[in-house]
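Knowing the structure of chain A, use the given hints to seat chain B on it.
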Amino acid sequence: MVTYTRANAWNNGGTFANTDLLWYAKGVGAMQARAIGDPASWWFFAAMHGQYLQDPKVPIYLANGWGAIPSPPTVPLANYQPPSSTQFWDQCQHQTWFFAPWHRGYLLALEAQVRADVASLGGPPTWALPYWDYFGDTKQYKQYSIPPAFTQLNMPDGSSNPLYVAARYGPDGSGTDIYVPTAEAIKDHPKNPPRGKVTQDCMCNTVFKGDETTAEFGGPDTTTLGCFWHGGGKSGLLENDPHNLVHNYVGGPNTEGLMGDPGLAALDPIFYLHHANIDRMWAGWNDVLGNANPTDPNWLNGPAACGDAVFVMPMPGPNSWVYTPQQVNSLSQLNYNYESFASLPKCVPPSVQLAGRLAKLGASIAAEKVKAGTTVNIGRKVELVGASQGAVKVKGSMVQTSVKFDPSVRNKVSTSLAAASETAPPDRIFLNLENIQGTQNATVLAVYLNLPEGANPNDHPELLAGSVGLFGLRGASAPDGRHGGQGLSFTLEITNIVDALHLDNKLDQDSLQVTVVPSRPLPELSPITIGRISIYRKGN
Amino acid sequence: MTSRNRELARVGGPVLFMSTVAWILLLAGPGMRTHCTVVAPADVLWRASLHILIAMNPPASLATGWTLMLVAMMSPVLIQPIRYIRLRSFTRRRTRSIILFVTGYAAIWMALGAVLWSIDLAAKFLPESYLVAGGMVVIASVWQFSPIKQRCLNRCHAHAELAAFGVAADFDALRFGIMHGIWCAGSCWALMLLPMVLSRGHVLAMATVAVLIFGERLEQPTPPSWRWRGPGRAARFVVAQARIRLNARRLAYGAISSSA
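Order-wise, the sequence lines are chains A and B.
According to the numbering used here, the residues represented by the first sequence are -11 to 528, in order.
According to the numbering used here, the residues represented by the second sequence are 56 to 315, in order.
Treat the hints with care, as some may be off.
[To be verified] If you want the ones that stay clear, here's a sample from chain B, every Cβ over 10 Å from chain A, calculated:
{"#": "1", "residue": "A77"}
{"#": "2", "residue": "L176"}
{"#": "3", "residue": "V193"}
[Unchecked claim] Take a look, some chain B residues computed to stay more than 12 Å from chain A by CB distance:
{"#": "4", "residue": "L82"}
{"#": "5", "residue": "A115"}
{"#": "6", "residue": "A178"}
{"#": "7", "residue": "F200"}
{"#": "8", "residue": "L259"}
{"#": "9", "residue": "W283"}
{"#": "10", "residue": "R284"}
[Claimed, not checked] Computed footprint of chain A on chain B, listed as stretches where at least three residues anywhere in the stretch have a Cβ under 8 Å from a Cβ of chain A:
{"#": "11", "segment": "136 to 145"}
{"#": "12", "segment": "217 to 226"}
{"#": "13", "segment": "296 to 307"}
I should point out that these hints are in silico values taken from the structure, not numbers from a laboratory.
Even for Gly, the Cβ is constructed at its ideal location relative to N, Cα and C.
Okay, chain A solo, but in the shape it has when bound:
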C-alpha cells in the first residue's frame, strides 16, 4: 500500500468539489505569499525550472521579464534580492534523456512543499498532486479541457483563486477555451481546429535512449563521447509530443502565455498537473507497457557523471534533496502511485509490429518466423539519405520544400525494403528538422510528406509525419544561450509513409515533398527558419 496516490484532476468535474484541487489552490496561495528568494515560495520553485530575473542584460529576455507578465499572478518584485546561491535555479532538463527523471524529482519536491502547506492549513497530510489526463475519456467530462477550477476567478469562499492565470490563452488564442487538441478535442472543434494533433504515439516506442539522428521515447543520450556533446537541442518523443505541444497549446499561439516559455511556464499552476500527467505516462510506459529505462551508469548517475551540476531541490525543513535518475527510476521506490493508467494506448509488441511490417512488404515467410519468435538483429548503422537544399523559412500558413535524395543511398533503402527478411530487417526511416531557429516559442509545426499541391492537410492524415512543438525555441536560438544558438532539432519517424511509397512504386524518385504547416499562421515579420530538412536511414 503506497502512501501517496496522485488522482485525476477531473474527479468531481475538475471543480473545487475535487478536494485535491481545493487544497492545491490553498497550498499555491500560501507559497505565493512568500518572497522570491524563499526556497519555499512559488516563485523560487518556478525559477528552478527557468527564470527571467537574473539575465537582464540579455536583450532577448527583456520583453518577457517576470515583471511584465499580465496579472494574476503578480510576482513580488518590489523587494527582490537575488538569492545568495543560485544552484537551484534554471535546472530544467530539456532535449536530453534526463528530461523525465529531472521533472519527476521536481514534481516530488513541489508536492512535498505544497503538502507541508496543506497540512499546516489543516488539510490532509497525504495530499498528492493531481494529474490532468487530457487523453482521458470524454463520456462524462471533456477531459481534454483544462479543469474548471483553473478558470475561476474566485475560490468558493470568495477569495481570489491562485490557480487562475491571466496569460493562458489556449490553442485559438482566445483565453476562453483552454484545451489540448487531442483527436477527440479536434472532433469537437470542427470550425477552427489547430493543425498538429496531440497524441500518445510516443508510448508505443519501446526504446528509451535516442541519439542525434533518430528519436526514441526518453530523449537523446547527451553523454556521448565522454560528455563532449551538449545535446544539440533535440527532444525525445515523450518530450515533444505530448509535452511540448501541450505547453504551447495551453499557453497559446502568437501572443504567448506563461506555459509557452520555459522561463515562465512554472509560474502557471497548471504546469505541475501537466507534468504529473507526463510523469504518469513515463510510469505507465515502464509498469503497464513493460519497457525498461536505461541501465547506463551515465544515465543512472545523472549529469553529475559528466561533471555537470547535480539535481538539487529544496525540501520542507532545513535540508535540500540531491538526487539522481537512479533514485527516481520507478514508482515503487518512491512510495506513490497514480489512480489510473486506463487512458494509455494499447501497443503491440515490437516483434508483432515487425512481423506486420514484413508481411506488408511481402516477406510473409519472414513475418511468420518473427511471429514464431525468431530473434531479429536490428541494424544500427545510421546514414544520410537526402536533404533539403538550403534553409527553409516558415511563415504564413504553410511552406513546401523538397528533400533531394542521394540516388545510391535511396537505392539502399529500396533494396532493404524489397529484400526484407528476418535476417535483414528493413530500414527504419527518419525525417530530421535540423537547427530550427526563431522567436515564436509557442509554435507547433505539423509536417506532411508528398502532400498534393493545393490539398488540405487535414484531408491527408496518412501523409502526416508528425508534429513538433517549439517550446524553448527563443532561448535555444540565442547565440549565448545554453544551446550556443543551435536552435531546436526534431526527429520524426516516417517508416510507415516510406513503406507505403515503396509499395506504390513511388519511392524511386529524385526527391520527397515536405510540407510544414504551423498550427496557426505565423507573422510575416517573425518567421521560423529550419536550417535543413534531412532524411536518415537506420539499418544494416
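Same frame as chain A, now just chain B:
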C-alpha cells in the same frame, strides 16, 4: 561495444592517435625550435640581429613546429565538429568534407601562427625575457577571464548548417572549418602564445595549455561575463567516472563474494 564506444573508436581514436604522435615528435625533437634570446647591444644594428634570429629560426622549421603544436594541442577539440560533419554528410562525401573542414581550420591557425611567431621573435629583442613571459601571463589571464573569450567559446559550440550536395557541400565544409578556426583562435590565441614566449619548459607549458583548452571546451555555453574559466567540468568528469567504475567493481566483487 556500446554505441558511445563505437563513436569514440571511429572519430576519437584516429584523432587522438594523431595528437599522440605529434606530442611524441615534439618531445623527441627539441631542436625543432631554437630558443635563443637575442640581446642587441647598442653597437649592433637591429637588422643584423633580425638576420641572425631568422637564420636560427628558419620559417620552414617554425611552420613545422607550429603544425606539430597544432596537431598535438588542438586536434582533440575537433572530435565533436568532425563527428558532426560525419553525421550530416552522405557516406561517400564524409572524408572529403572532413578534409575541407580541416583545411579551413588549419588555414586560420597557420595565418595566426605567422602573427604569433612574429610577436615571439620580436619579443626576443627585449633583454628581459622574464618580463615578456610575465607580461604574457597577465595578458593571457585577462583574456581567459574576459567576456570576449566566452563569446568565442560559445561560437565554437555553434555548428554551421551543411549543404549535402555538390559545390555547396564543399563550400559549407570549408566555411565551417574557417569559422570554427576563427572562433577557436579567438578563444585560444593568448594561451597558445604563452608557451611560445617561455625560454624554458616549453613542452610542459604546451601540455598544460592543451589540457586547459580541452577542458574549457567541455563547458556548456553561457552568457559572456568576467569569470573564472578552467577545466573544472573535466576534472569533475574524471572524478565522477572513476567513482562510477569503482562502485561497479565493488558491486561486482560483492556479488561474486556472496555467490561464493
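What are the numbers of the hints the structure violates, in ascending order?
-> none
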